[in-house]
Each structure stands twice: as structure tokens, then as C-alpha cells.
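Undergrad: Sequence:
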Amino acid sequence: MISKSIFIAGVIVTASSFVSPPFALALGILFGLTVAHPFPRESKTMSTWLLQASVVGLGFRMDLEQVIRAGRSGFIYTLLGISFALLLGTGLGRLLKVPGKSSLLISTGTAICGGSAIAALGPIIEAGEEQMAVSLATVFVLNSVALFIFPGIGAALRMSQSQFGLWAALAIHDTSSVVGAAAKYGPEALAVGTTVKLARALWIVPLSLAAAALRRSAASSPGAPAGAGPSAAAKPKIRWPWFIGLFCLAAVVNTYVPAGARVYAALSTAAKIGLTVTLFLIGSGISRGSLRQVGVRPLLQGVLLWIVVGLGSLWLIRAGWIGL
74 MISKSIFIAG VIVTASSFVS PPFALALGIL FGLTVAHPFP RESKTMSTWL LQASVVGLGF
134 RMDLEQVIRA GRSGFIYTLL GISFALLLGT GLGRLLKVPG KSSLLISTGT AICGGSAIAA
194 LGPIIEAGEE QMAVSLATVF VLNSVALFIF PGIGAALRMS QSQFGLWAAL AIHDTSSVVG
254 AAAKYGPEAL AVGTTVKLAR ALWIVPLSLA AAALRRSAAS SPGAPAGAGP SAAAKPKIRW
314 PWFIGLFCLA AVVNTYVPAG ARVYAALSTA AKIGLTVTLF LIGSGISRGS LRQVGVRPLL
374 QGVLLWIVVG LGSLWLIRAG WIGL
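Take the sequence shown: its position 264, counting from 1, is numbered 337 in my numbering, and each next residue is one higher.
These are calculated hints, taken from the structure and not from any lab test.
Careful: at least some of the hints might be erroneous.
Cut-off 30 Å, straight-line C-alpha distance, at most; resulting in silico cross-link-like pairs (DSBU-like, lysine-lysine) [stated by the list, open to error]: (1) K170 / K77; (2) K345 / K117; (3) K77 / K117; (4) K117 / K170; (5) K345 / K257; (6) K345 / K174; (7) K345 / K77.
Model, not experiment: these values are computed from the prediction.
Work out the full structure: start from the sequences and follow the hints.
TA: Following this line, the structure appears as C-alpha cells:
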């Protein structure tokens, strides 16, 4: 069957390490919109487990000591920045009537670290494939835009390397795009941008645990959806994010057991490949009908939120209100 061959070829290509995550997602969406999916159930199961395993693998690139040093100097405005982005994103989602899960994914991706945050939170809140795909596509598009325009804006405004690195870390979604933009600007910008962004990325952990606790509490409450039954209320099906705990463990091992550096690098690389394949699988699971149901409102929410966060953080840095 042609669709099976195309699907298998897509998995092989995206696992080759020569394809970027945004391109893999685009390939998956193209497949889902043009070809009937030959393995819908298997693909969904595989994407769920592979996504969680990839999040764990990404922990092997975290240096906790470096993150803590950066976090000490920027803890307050990091906390305030994340809180502001989440609150504003939630408000925009309600104003634009974006479904709750999509709104939360986009807000979290903007507030913390883009695709990684969405990948971590999606399974916990049981987001659908189309919700994941639209949220990921939104942050990846904005990442690409930021990667190209931020260095030019920084140069035009004559920002110092420290200022630019901080701005990139606060206003660009994914760590990889922060690294790319900051590296173009200079070595000091790269050092500042990377450490501050990694410090922000650790907020995935408390946010994921909080989301799991809230969903478990909601499922156990007397007002749980009808039809769940007493037994379901007593034993809700919300699973705790075990992979977040393993993510933290991987970061600890990477930081304090340096003898395995080569192994950790290989695991981190494998995680990046796994995440790329996952994006193809997620994209392949959407259809024209499901995409029409989601609509353009989540994309509009993501763009507006990013513009406000980007301009707001730029103004605060330029005015001297925040800095390292």
C-alpha cells in the first residue's frame, strides 16, 4: 500500500539526523493532510512513549551547577516573566476562545522553553494530536522568525552582548534557537543566553507536577464528569509524569558523574532524533477535519503572546530594569 510505504519512509528520513524538528513536523502534517494514515493507533502509542523518552534524554545536556548560578542572579525576574507569560497567555486564550489545552500548551511553550515544554506537558494534560501539532507548529514558526531577525534588531539597537543574550533567553522559545541567535551575536551573548535559558527550562518540572496534581484533583472532585462512576472518581486515570523525574535524574547524573560524558552526549543526540521522529508522528496524526476544528485562533494567540513578551522584555532590558 502506497500510504504505508510513504509513512515508513517518513519515519526513516526523520530518524536520519539530517532533518530538523520543524521540517519533520511539516512533513508529518503534509502526510496527514494528503494521505490516509495506515497506522493511526500504533502511531499515536509510539509517539506518546517516544515523546516521553526523548524528554528524559534531553536531561543529559543539562548542567545543574551552571543553571543554578544563572538562576540565582535572575530568579525573581525569571519567575515574574514566566508568571506574566502564563497569565497573559491564559487571558488571550479566553479572549480568542482557544480551547483550554491548546491555550495552556502555547502559553507554556512561550513562557518556558517552546517545544520541550509542550512535549513535557502534552501527555500530562492528555492533549490531542491536533492540539500538540498546532501548538508545536506555532512555536517552531516563531522560533525560525526570531532566529533570523533578533540579531539584526540587537545590532540596530546597539545592545551589549550581555543584554542581547538575556533578551534572546527571555523572548525566544526553544533553547536551540536561543543558542543559534546568541551565537550569531557573540560569545558573551551565547554564554548568557544559554545559561539563562537552561535556568528557565528547569521550570518544566514544577509546572508539570502542578499540572498533574491539578488534573488528579479535578478528576477526584465530586464535580467530576458524569459517567465516570464512583470507582473512577476514587482512582482517576491521571498518570503522574514519571518521565519528568527521570529528566531530573538525567540532569543530576550529567552534572555530577562526568565520567560518562560520551554516553550522555550520545543519549542527548538520540533524544533529539527521537523528538524529531515524534514530531513527524504527531503531524501525521492530524487531518483536514481536525485542523479545521482547531482553527487559526491558537496560532493568533501564540503570535500575540510572543510579540508582547518579546517587546516587553526588550523594553525592560533597555530601560535597565532587568540585567545580569
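Undergrad: Okay, which hints does this one fail, numbers in order?
TA: 1
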